[in-house]
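Quick note, the sequences are listed as chains P and S, same order.
Residue 1 is where the first sequence starts when you use UniProt numbering, and the numbers rise one by one after that.
Residue 1 is where the second sequence starts when you use UniProt numbering, and the numbers rise one by one after that.
Don't read these hints as lab results, they were simulated from the structure.
On a predicted model such as this, the values are computed, not experimentally measured, just so you know.
For each residue, glycine too, the CB sits at the ideal point set by N, CA and C.
A hint or two may mislead.
Each computed PhoX-like pair below joins lysine-lysine, with the alpha-carbon atoms no more than 25 Å apart [claimed, not checked]:
1. S/LYS100 <-> S/LYS113
2. S/LYS428 <-> S/LYS123
3. S/LYS123 <-> P/LYS87
4. S/LYS123 <-> S/LYS199
5. S/LYS336 <-> S/LYS396
6. S/LYS182 <-> S/LYS278
7. S/LYS428 <-> S/LYS89
8. S/LYS452 <-> S/LYS462
9. P/LYS87 <-> S/LYS199
10. S/LYS484 <-> S/LYS462
11. P/LYS87 <-> S/LYS193
12. P/LYS87 <-> S/LYS182
Coverage of chain P stretches by chain S, computed from C-beta distances (three or more under 8 Å per stretch; other residues unrestricted) [as the list claims (entries may be wrong)]:
13. 152-158
14. 260-272
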Amino acid sequence: MTYLLRRLAVFPLVLIGVSIVVFVAIRMVPGDSITAMLGTEAGLLTPQQRDALAAYFGIDQPWFVQYGRWLLGLVQGNLGISPTYGKPVLDVILERFPLTLELALLSMMIALVVGMPAGVFAATRNERLSDLGVRIAAMIGQSTPNFVLALLIIYTLSAGFGVLPAMGEFSPLWQDPLRNLGQLILPAITLGFAFAASVTRISRSAMLDVLSDDYVRTARSKGASARSVIWRHALPNALIPVVTLSGIEFGYLLGGAVIVEQIYALPGIGRLVLDAILQRDYALVQGCVLFIAFNFMIVNLLVDLAYVALDPRIRLGER
Amino acid sequence: MVQHLTRKLLSGMTLAAMLGIAAVPLQASAATLHMAWSQDATGLDPHKQTAFSSLRLLELIYEPLVRVDANLQIVPAIAESWQFSADGKELSFKLNPKAKFQNGAAVTSADVKASFERILDEKTGAAARANFLSIASIDTPDPATVVFHLSQPDVPILTAMSDVNAAIVPASEITAGSVGTKAVGSGPFKLDKWDPNAKEVLSANRDWAGGATGVDGIEISVLPDETAILAALRTKQIDFALLNDPLVATLVPKEASLQLNRVPVLAYHVLQLNPSRKPMTELKVRQAISCAIDRQEVLDTASLGEGKVTGPLTIPSLATDPSQLFCYKRDVEKAKKLMAEAGFADGFSATVIGATGEPPTAAAEAQVIQSQLAEIGVKLDIKMMELNVYVDAWLKGDFDMAVALNGGRADPYTMYNRYWTKSGNLQKVANYIDDTLDSQMQQGRAETDPAKRKAIFAEFEKHLAEVSPWIWLYTSYSYTAQQKNVAGFVPTPTGTLFSLSKVTIQQ
Numbered sequence: 001m002t003y004l005l006r007r008l009a010v011f012p013l014v015l016i017g018v019s020i021v022v023f024v025a026i027r028m029v030p031g032d033s034i035t036a037m038l039g040t041e042a043g044l045l046t047p048q049q050r051d052a053l054a055a056y057f058g059i060d061q062p063w064f065v066q067y068g069r070w071l072l073g074l075v076q077g078n079l080g081i082s083p084t085y086g087k088p089v090l091d092v093i094l095e096r097f098p099l100t101l102e103l104a105l106l107s108m109m110i111a112l113v114v115g116m117p118a119g120v121f122a123a124t125r126n127e128r129l130s131d132l133g134v135r136i137a138a139m140i141g142q143s144t145p146n147f148v149l150a151l152l153i154i155y156t157l158s159a160g161f162g163v164l165p166a167m168g169e170f171s172p173l174w175q176d177p178l179r180n181l182g183q184l185i186l187p188a189i190t191l192g193f194a195f196a197a198s199v200t201r202i203s204r205s206a207m208l209d210v211l212s213d214d215y216v217r218t219a220r221s222k223g224a225s226a227r228s229v230i231w232r233h234a235l236p237n238a239l240i241p242v243v244t245l246s247g248i249e250f251g252y253l254l255g256g257a258v259i260v261e262q263i264y265a266l267p268g269i270g271r272l273v274l275d276a277i278l279q280r281d282y283a284l285v286q287g288c289v290l291f292i293a294f295n296f297m298i299v300n301l302l303v304d305l306a307y308v309a310l311d312p313r314i315r316l317g318e319r
Numbered sequence: 001m002v003q004h005l006t007r008k009l010l011s012g013m014t015l016a017a018m019l020g021i022a023a024v025p026l027q028a029s030a031a032t033l034h035m036a037w038s039q040d041a042t043g044l045d046p047h048k049q050t051a052f053s054s055l056r057l058l059e060l061i062y063e064p065l066v067r068v069d070a071n072l073q074i075v076p077a078i079a080e081s082w083q084f085s086a087d088g089k090e091l092s093f094k095l096n097p098k099a100k101f102q103n104g105a106a107v108t109s110a111d112v113k114a115s116f117e118r119i120l121d122e123k124t125g126a127a128a129r130a131n132f133l134s135i136a137s138i139d140t141p142d143p144a145t146v147v148f149h150l151s152q153p154d155v156p157i158l159t160a161m162s163d164v165n166a167a168i169v170p171a172s173e174i175t176a177g178s179v180g181t182k183a184v185g186s187g188p189f190k191l192d193k194w195d196p197n198a199k200e201v202l203s204a205n206r207d208w209a210g211g212a213t214g215v216d217g218i219e220i221s222v223l224p225d226e227t228a229i230l231a232a233l234r235t236k237q238i239d240f241a242l243l244n245d246p247l248v249a250t251l252v253p254k255e256a257s258l259q260l261n262r263v264p265v266l267a268y269h270v271l272q273l274n275p276s277r278k279p280m281t282e283l284k285v286r287q288a289i290s291c292a293i294d295r296q297e298v299l300d301t302a303s304l305g306e307g308k309v310t311g312p313l314t315i316p317s318l319a320t321d322p323s324q325l326f327c328y329k330r331d332v333e334k335a336k337k338l339m340a341e342a343g344f345a346d347g348f349s350a351t352v353i354g355a356t357g358e359p360p361t362a363a364a365e366a367q368v369i370q371s372q373l374a375e376i377g378v379k380l381d382i383k384m385m386e387l388n389v390y391v392d393a394w395l396k397g398d399f400d401m402a403v404a405l406n407g408g409r410a411d412p413y414t415m416y417n418r419y420w421t422k423s424g425n426l427q428k429v430a431n432y433i434d435d436t437l438d439s440q441m442q443q444g445r446a447e448t449d450p451a452k453r454k455a456i457f458a459e460f461e462k463h464l465a466e467v468s469p470w471i472w473l474y475t476s477y478s479y480t481a482q483q484k485n486v487a488g489f490v491p492t493p494t495g496t497l498f499s500l501s502k503v504t505i506q507q
């Protein structure tokens, strides 16, 4: 409990650090909201016009004044207004987040359902032909860029079979579950492909380590069946690296899968951040990055707690 | 063959069913046009927006006083007629009595006056204000008549008024400060929903003075990847699409059910030299660069030949045959000689900047130019940048050379006064002006006789190519792709999608 409270107490400090870095970094990049809106036509503006637009976008003050204002709003639970969307930043993020969360969960599910059995299977057949086959497949999975896979899937389905998930308007799960699944399954497979490959490799090596441990030999010598040795004795102890990897990957996915969201035209957090950066929607960039950082910290915390659940020997926070 | 097709169809249907995917017949209901583009509008204020997609969306909602047709001729929009006074200092408009805003109010001269006053007000931040600085005052003798009094003869102002950046908005919305948050125009469609970077839903404006629209509505989806747009066209999810990338556009004709519309546009691809930086300060160096570049090769390599080599003027009725312009036929020997005469026989090093993906051919253009200029000893370092970073450097004139795709206008004065006049707002980008260019632009601005105007601008174009502050390369095409059952779309050099107002979907 003390550990949990201590971790939670660190959250605001990390978030403030992240916010300062993002706030300064995005403003150091040349160009601003005015050039993002007007492009080269911004050159036609008089200084007075530019000042008026700067005031409209809230970039007419020095950065530390802007940051102070923003921080004050944040303390009051207000992440600011996005000039692009004309709405509070938090509302825009929360509209996009369900898709990203669902996509991340689906991808992780695919990765674990495919990757873990494949890894265990390969470990139990170490150095045999089937092990080699799994390892080659995993290597292909890891080394195939997801945009290549996404484009291949789209091309094959549309040109070869004349089908494609409905693109352009996303249907939330609670409105039309079937259409929602149709829209997310291919992006989830695209993301899950490389994710599954990583899970396969890490499961295989973790299982190989565990299978050579003394307690596994003991279990075998006591006459435990091969299935029981693998699934009951060995696998739970091989799960920790898998949980670590899945936690990190899941954290990344909650930050949005920019390329996959772009190709499949999914309005998730990744596309939101990218568009916000391109349009120099500072409030939205800051809000999104803060939200992503918060999610990452929560996922890390959950991973740590999962260690304890998986291995009672681990005591969090003990020196 | 039949067996193969049946098997393919069955496997497709099975796959679709397994994935829960909507299968082939996703054809829109007959009266709604489903459309896609890769870049969305960035805002709804017609006076402030300059992004290509924003203008294309806003043209369907708002109307200016006049507009230009596919032949770049001025035709009525809100105004049914107009007239310049003999001295060219007064421009009068008679408004169409049927013109109505989408809130039901009639469009009156007071709305026109309020709209132009808003554009001219520096607090608005309207980039188009620069085109209307000659407006001294606006009279509204009656609700259907507007008279613009100009401080000097300004013929091109009429063309500038055809732009959606000069759209007429309700005076009441200006007073309420809601222009840009609410889209209330007098155009063929009403905006029902805008989810930025995702979707727009438009419905027909039954009160539009231009008559009935061909479809009940338009749904525009933002599909950021153009390969996905092509896939959506193939599977008939969408009826119509705007394409930017020639690599994708050239694949459209390979699909039997699709039609590619392409038309040369007014925008031009150009290598901008910076004549304020050495050695581009030297006329002979700039001319050498012009002579060393094979424009057709740049077009063929970077843009698959999809376009036409151009001189500075891209307006078909005014453009000079490029072969008549200075060094439009590549002459490496002449280029080397000019370099030697300028004292740069061994060449020099410079950096060329370009925006990643804007246009999609930018990097390829820079690479071809790099290899061509290497033949005269010019070592180019290519620096590709994110669009905003590029725009920032471009506006500051902070480059040796820049690969650019600059917008065109239906009138040469409006198109170029920003660069090639002494008071041009973008002189700091062009970094070159001489008395001849400035005086030719001023003459062209005041001249009302079309034949004399054409002669003035022909001289302007010839001189500009000779002094070579920039190396004009080519104009590309604007691409739209559609299902073959979509009828009535007229592509135009301005890239406008206004004719979607009369498009029909045949069953």
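Hint by hint, which ones does this structure get wrong, listed from lowest number up? 4, 5, 6, 7, 10
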